[in-house]
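Whenever a hint applies, use it, and build me the whole structure from the sequences.
Just so you know, the protein sequences line up as chains C and X, in that order.
Throughout the first sequence, residue numbering follows the working numbering, covering 5 to 406 in sequence.
Throughout the second sequence, residue numbering follows the working numbering, covering 8 to 233 in sequence.
Among the hints, erroneous ones may be present.
Said to hold, decoys possible - Which chain X residues stay away from chain C? Per the calculated CB distances, all over 12 Å, these: (1) Trp19; (2) Gly25; (3) Val41; (4) Gly52; (5) Ala129; (6) Arg133; (7) Gly142; (8) Glu144; (9) Asn145; (10) Phe149; (11) Ser155; (12) Gly156; (13) Ala189; (14) Val231; (15) Thr232.
Stated by the list, open to error - On the chain X side, residues computed to face chain C include the following (Cβ under 8 Å): (16) Phe98; (17) Phe100; (18) Glu126.
These are calculated hints, taken from the structure and not from any lab test.
Just so it is clear, CB atoms sit at the ideal spot from N, CA and C, and this is done for glycine as well.
Spelled out, the chains give:
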Amino acid sequence: MLYAFKIAARYLTASKAQTSLLIFGVAVGVFIFIFMSALIGGLAEFILSRTAGDLSHVTIEAEAIEPPLLLEETSGVVLLAREKDTSRQARLTNTDAFLPVIGQLPGVTAVSQQITGGGVLRRGAQTMQVSVIGVEPENVSAIINLKRYLVEGTVALGSGKILVGKKLAEELGFRLGQTLRLQADTGIDQSLVVSGIYETGSGGPDRRQAFVSLTTARTLFAMPQGISRIEIKLTNLYDADGTAARIEAATGLPAKSWTEDAAQLLDALKAQAQTGLMLKSFALVTIIIGVASALLLSTYRRRPEIGIMRAMGAPRGFVVLVFVMQGALIGLFGGLLGAGSGYAVLLAFPSREEFQPGNLPIDIAQGAYGVAILLTVISATLASILPARAASRVDPVTAIGQ
Amino acid sequence: MSALLVEVRDLWKTFGEGEAETQVLKGLDLSLGVGEMSALLGPSGSGKSTLLTILGTLMQPTSGRYTMLGEDLMRASEQDLTAFRNRHIGFVFQFHNLLPDFTALENVIFPTAVREGRETPAARARGRALLVRMGLENRIDFPSTNLSGGQKQRVAVARALMNSPELVLADEPTGNLDRASADQVMALIDEINREEGTTFLISTHDDKIAGRCRRQILVGDGQVTG
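This is the structure we're talking about:
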């Protein structure tokens, strides 16, 4: 083993130009692999952070309350239409006992109790229908990172304060610190001071949503007890389905994963991942072909030497080992060079946090450096098997006679 | 009569098939004793090289019997023949056939290193001693490509002796050397044969080389004729 390694290393160092070219070729393949990993991974992260990133990953919501039927049971067929009653608030009660249980589940990073409902914001003669979300002041940025999107004011939500989107503020023409009137669909009316204006870049939250404290929401929606829903944030949003199932099992509450309403997004992400996988596979195939063809040429060029080795009593396995080790060494050095240069180039790109629209959303952390090196060593080793077998079959008599 | 080292009986070797079939060895018989130094003589195409190749276990005969050190080499597997060759047979070719990317010492110790899987200190010591014996003490760590033709051939002789083989097969070992270098190589072969009892079978067209051997074996038309 050691001696085969020595000969493999000697063969590689004996043809420095050829070996350097070969390692460079492999490094280019690895560089492409790493660049594609960082780009595809970064793009997926970017899309998710701009879509599902601000969503609740698991939501526990009270089931809608249907208004009671006033008709008594009759023997015949009765046709009737029942209008949905939007004023009746579905609520979750006695959730306090479950919150610590949910918070301790693996992967759960935040649990936010909310009271939600509809309302009309009024400033002077102008009105706008909005969706009102009442959150605990300490959890205001737990689901949507309002702190990050804040353009004016503060996210601190005290009693009588409201956070609104920038588009809503523009349409109603109010500024930070001004007072608005919010009439909830329960009919309850309250004056609120604009404590912060945010801009998520998404139409819905910026134009049609407003955040108040949980206490304010209790007053507005006449809910002294209970809450409308619990939103849960996870470390890995792909674990949402499993976590939802665990929550249901642990609490008996109806938990819904974000993926149930995001099939199209998931399909797009899968397609994107498959495209990346295909491109990375092409890079690996290029490495395999490059290494195999170079080692085949080397086998042909070294036929007389292989013949001499065989005549001196070198077993076929030894010859195979010499060429397979050359492949592995080329893969290792090409992998290290490609991964190193890939990392160096990716450093020049802005990090995920500093990403600006118009740039490539490359995530240096997703370069898959170790995987790239490992796969390259394996690929180059596999690529060397064919030339190695060809070398081991060299007939010493004809090879020495060349 | 010395103890029997090699015994070949009714050895046949045929190349090709049908109309292209050529019989190179035709029932050849040969015995070599331990410590013999023999010259293998004969015109081109008489089968000398084929015989050496078969004796060196690099080629299987078509039929016949070949035993060395009492082992029936006709029945041995390819793997066993490789191991046997490494341990018991040394080769010296007309063209030195050294490994070009290796030093003189690395070439010499190759047969031992490949068997043991590494270059042991003992192998290096023996390799150095052999090179000193060949008069190459100043060329031990020289790249083999930097040696003269005579020096290369002496390295090849040292390599053939590295594993202390019982039989060394030499195919025109001086055919590519000038007279002075040829004499030097033959003197070394003669010395090793006398001092260590290694059996040499030397294929040559050179009468002077043949004259230095104590036995001449004449091959003609695929058989030993004298």
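Okay, the hints, checked on the actual structure:
The claim that X/Trp19 is not at the interface with chain C holds, since no C-beta of that chain comes within 12 Å of its own (minimum 17 Å). The beta carbon of X/Gly25 sits about 21 Å from the closest Cβ of chain C, which is more than 12 Å, so the claim that it is off the interface holds. Taking the minimum C-beta to C-beta distance to chain C, about 21 Å, the non-interface status of X/Val41 holds against the 12 Å cut. Look at X/Gly52: its CB is around 15 Å from the nearest CB on chain C, clear of 12 Å, so calling it non-interface holds up.
Against the 12 Å criterion, X/Ala129 stays outside the reach of chain C, whose nearest CB is about 14 Å from its own CB. Distance check on X/Arg133: its Cβ is at least 15 Å (rounded) from any Cβ of chain C, clearing the 12 Å threshold; non-interface status holds. Every Cβ of chain C is farther than 12 Å from the Cβ of X/Gly142; the closest lies at roughly 22 Å, confirming the non-interface assignment. Distance check for X/Glu144 against chain C: the nearest CB is about 23 Å away, which clears 12 Å, and the non-interface claim stands.
No Cβ of chain C approaches the Cβ of X/Asn145 within 12 Å, the least distance being about 23 Å, so the stated non-interface status holds. Every CB of chain C is more than 12 Å from the CB of X/Phe149 (nearest about 15 Å), matching its label as outside the interface. Here X/Ser155 stays apart from chain C, with its beta-carbon at least about 19 Å from theirs, past the 12 Å limit. Every Cβ of chain C is farther than 12 Å from the Cβ of X/Gly156; the closest lies at roughly 17 Å, confirming the non-interface assignment.
The non-interface label for X/Ala189 is consistent with chain C: the shortest C-beta to C-beta separation is roughly 21 Å, beyond 12 Å. A cut-off of 12 Å between C-beta atoms confirms that X/Val231 is not in contact with chain C; the least separation is 21 Å. Even its closest Cβ contact with chain C, about 24 Å, leaves X/Thr232 beyond 12 Å, as expected for a residue assigned away from the interface. Taken as an interface hint, X/Phe98 checks out: its beta carbon lies about 6 Å from the nearest beta carbon of chain C, inside 8 Å.
Contact between X/Phe100 and chain C, as hinted, is supported at the beta carbon level, the nearest pair being about 6 Å apart and thus within 8 Å. Hint status for X/Glu126: holds, given a least beta-carbon distance of 7 Å to chain C, under 8 Å.
Violated hints for the displayed structure: none, as all numbered hints are satisfied.
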